[in-house]
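Colleague: Here's the letter readout for the chains.
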Amino acid sequence: MIWQNPWALLGILALGVPILIHLLGRSSARITRFPTLRFVQASRLMATRRTRLSDLGLLAVRMGIIAAAVAALAMPLLLTAERQREGGRSVARVIIVDTSESMRRPAPDGTARAPALEIARLTAQRLASEAATSAIIETAAPADALEGALAWLATRNVRAELVIVSDFQVGAVDSVDLAAVPGDVGVGLARIDVEANRDTVEVTMRQGNAAIVARGSVDSTRSAVEWSLGNALAPAGRDSLVIIAHERDRAEAIAVHAAARSITTATPATGRPIAIVFGGPALFPELLDAAKPPNLPWQGDILVRLRSDPQLIAAASNAYVQDDVTSEPGPGATPYVSVARTDDGFTVVLATTGTVDGAERLILIPVAPAGSLLSAAVISAALRASSDVRAIGEIEPATLAEATLARWRREPAADAAADARGGGSDGRWLWGLALVLLAVETWMRRARRTSAAQEMVRERAA
Amino acid sequence: MSSLSPAVAAAVDDLELAARVVVEGLRAGGHRSPFHGYSAEFQQHRPYRAGDDLKYLDWKLLARTDRLYSKQFRETTSMSAMIVLDASASMAFPEDGLSKFRYASIIAASLAYLISAQGDAVGLMTMTDGAFSYVPAKSGRPHLRSLIARMDGLAPRGAWEPERAIARGAELLKRRGVVVVISDFYDAEDATRRELRRAARRGHDVTMLQVMSPEELRFSYSGGLELEDLESGERRLVDSTAVQESYRAAVAEFLERCRTLAHRDGVDYSLMSTGAPPERVLRDYLVRRGAKHQSGHAALKELR
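Protein chains in written order, with our numbering: chain A, 1 to 462; chain B, 463 to 766.
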């Protein structure tokens, strides 16, 4: 049960009023004028006045009236399972799933030793199914995904909630990151426990065709990293990244692709197919007619990384706008998502999804000449964003304390919640109870009066 | 004529009417006034006849003449009666219905009516707000109406000094007479007794009529209540159930004390409850009083 107006509970102090009335008000309740008091013993009178309450039943009913009224004013709401489900369905929810290396370790209590990531994904799907509308973003950098997640939530007219499913290694997200979340957006932090890392961790990075390997060893007090040159890496699979360009731009596109590969250390992961289309949407109508907005978790991860990629941001800020594709695509009105903008706010990189080369791919469209710096930055950023290389930070053994997470959690805005529930509370039942008790109290008072009158009549008759 | 129930007595505003109803009821029952003066004067001698009471035989004349003569007496005019009525605030109880004062007024008016009807003089003495209010003892119907009107205009309030009222009432009777005090006798118990005894010793026929209501006799209240003294205004909170037993015992002791001391002082005493019809109460009282004075009464009747 929750109290929507908890200050009203201070009214419970009013329970003392009927007690005082019963203790002090008795002197004026039944005054009987009598010929003489000479035969009435004085000692018993004092004891009577100080210790005894009269009409305990009536007192209890009166206190019940006040208690019911105070509770009703506090607007209680009984959170039944049904109501919680109803409340959840009125939420637009973004679930950010941490896919970092630490989440690939097994959960400590899993009998099948399933990776924590699998548990996180199941959790995310459950949370998504309980919301009116939802989006799941899988990313190795949850903090970087916040901006995009909030932008998506801002387009919804229901109460909004952001949920991060992670093992919450130190550095995964911090209070500064969460400070950017608006106050009316709820914050949910679902921890997935993982086994402590006791093994040596290897992180391999690519430099051209060479591999640089960092081996980290961790104990409870310190970590050590050893760098070495690894074996030559195989070229990235042809399915991972596809470049599509108009005939006239093809040479420039190939050159830019080669340049981008030479400056990045990341290798695109298989299972995350990307296509980069040069020439704008107008040149490939048959390809892009069937385009849909990005909606797979890994696509969200890549978009998050692209939006926070410093190289791409720098290249986009001063990019030359070639076509009149400058406005932010509206929610639901277009399959395109803005990825990068100029300093003036013009969109220069769009994202969508479609079938290219026989696979469902995330399609990136730079609105710039194929040979431009922006095009090279897009390819380079796409390579990095689609890579699943492990970061050095994954060696970090410490996780955020549960108390810290509890402090960061919060419910969506209350007024929106009330609207979602139909604006009601269970106070009406308490008002009803107070009215019933009031009727009982009136009946009791009248019954006592009638009884006293009848007693007087009997005395007279006798 | 039907008897006057307490409820009817409370409803009848005309005190004279109420008194007449009571007295006519008494007459219909064959009751006569037991109030008689002591002034039976010698009238003549007549020869003794068998059956004459020997106490009326003139022994001195027998000694001188050796003949038997009985003395014949003539009942002289009037007996004087003074009704002393308590009009203190305690007599206003109960405040709804027939109060003790109203009941006492009906009894007093009935007695006055009864006494006046047999040609005797009757007066009224009371005290309101510390001042005497009295009507001298006279006979005659206009006087009776004046007395009842005065009584009707009284309202119980404040306290009274019963010893002063009784003493003054007894003084106002020029010769030996009847003094009837109607009160609850709550006030100045010792001083009241002293004055009653003094009046009796001066030769007055003194009567105490103690008027009480059923509520103050039984104290059958329940639960807590706050009692306010009608005369002093003092208030006390009581658990009526808890004090009921001790109260009843104290009241019974008080009434018994009044009765015993009155008997010891040669004062007629009668307890009257306002719950009983005034006619019946008065009849019972008159019957008891009549039985007590039967010998003298019979003698007077014989001589008439």
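Errors might be hidden in some of the hints.
Here's a subset of chain A near chain B, in silico, CB distances under 10 Å, partners left out [claimed, not checked]:
#	residue
1	R33
2	F34
3	P35
4	L37
5	R38
6	F39
7	V40
8	L59
9	S134
10	T353
11	T355
12	D357
Across the chosen pairs, the derived CB separations fall in these ranges [what the hints assert, rightly or not]:
#	chain 1	residue 1	chain 2	residue 2	range
13	A	G57	B	A611	28 to 34 Å
14	B	E718	A	W443	41 to 47 Å
15	B	R603	A	W443	57 to 63 Å
16	B	E718	A	A60	43 to 49 Å
17	A	G57	B	E715	50 to 56 Å
What the hints contain is simulated information worked out from the structure, not anything from laboratory work.
A virtual CB, placed ideally from N, CA and C, is assigned to each residue, including glycine.
Colleague: Quick check: does the Cβ-Cβ distance between G57(A) and A611(B) fall within 28 to 34 Å?
Modeller: Given range 28 to 34 Å: violated, Cβ gap about 54 Å.
Colleague: Okay, R603(B) versus W443(A) on CB: inside 57 to 63 Å?
Modeller: Holds, at about 59 Å.
Colleague: Given a hint of 41 to 47 Å, does the C-beta separation of E718(B) and W443(A) actually sit inside it?
Modeller: holds (46 Å)
Colleague: If you take the shortest Cβ to Cβ gap from P35(A) to chain B, is it below 10 Å?
Modeller: holds (4 Å)
Colleague: Taking the beta carbons of E718(B) and A60(A), is their distance inside 43 to 49 Å?
Modeller: Holds, since E718(B) and A60(A) (Cβ atoms, about 45 Å apart) stay within the stated range.
Colleague: Quick one, is the S134(A) hint okay against chain B at 10 Å, beta carbons?
Modeller: Violated: closest Cβ of chain B sits about 67 Å from S134(A), beyond 10 Å.
Colleague: Holds or violated: is the Cβ of T353(A) closer than 10 Å to a Cβ in chain B?
Modeller: violated (85 Å)
Colleague: Have a go at the F34(A) hint: is there a Cβ in chain B nearer than 10 Å to its own Cβ?
Modeller: It holds, given that the least Cβ distance between F34(A) and chain B is near 5 Å, below 10 Å.
Colleague: Quick check on the hint: T355(A) CB to chain B CB, less than 10 Å?
Modeller: Constraint on T355(A) not satisfied, violated at 91 Å.
Colleague: Classify the hint on V40(A) as holds or violated, based on whether any CB of chain B lies nearer than 10 Å to its CB.
Modeller: Constraint on V40(A) satisfied, holds at 6 Å.
Colleague: Taking 10 Å as the limit, does the beta-carbon of L37(A) come near enough to a beta-carbon in chain B?
Modeller: holds (5 Å)
Colleague: Going by Cβ atoms only, is D357(A) closer than 10 Å to chain B?
Modeller: Since the shortest Cβ distance to chain B is 97 Å, the answer is violated.
This entry does not satisfy hints 8, 9, 10, 11, 12, 13 and 17, going by the numbered hints stated previously.
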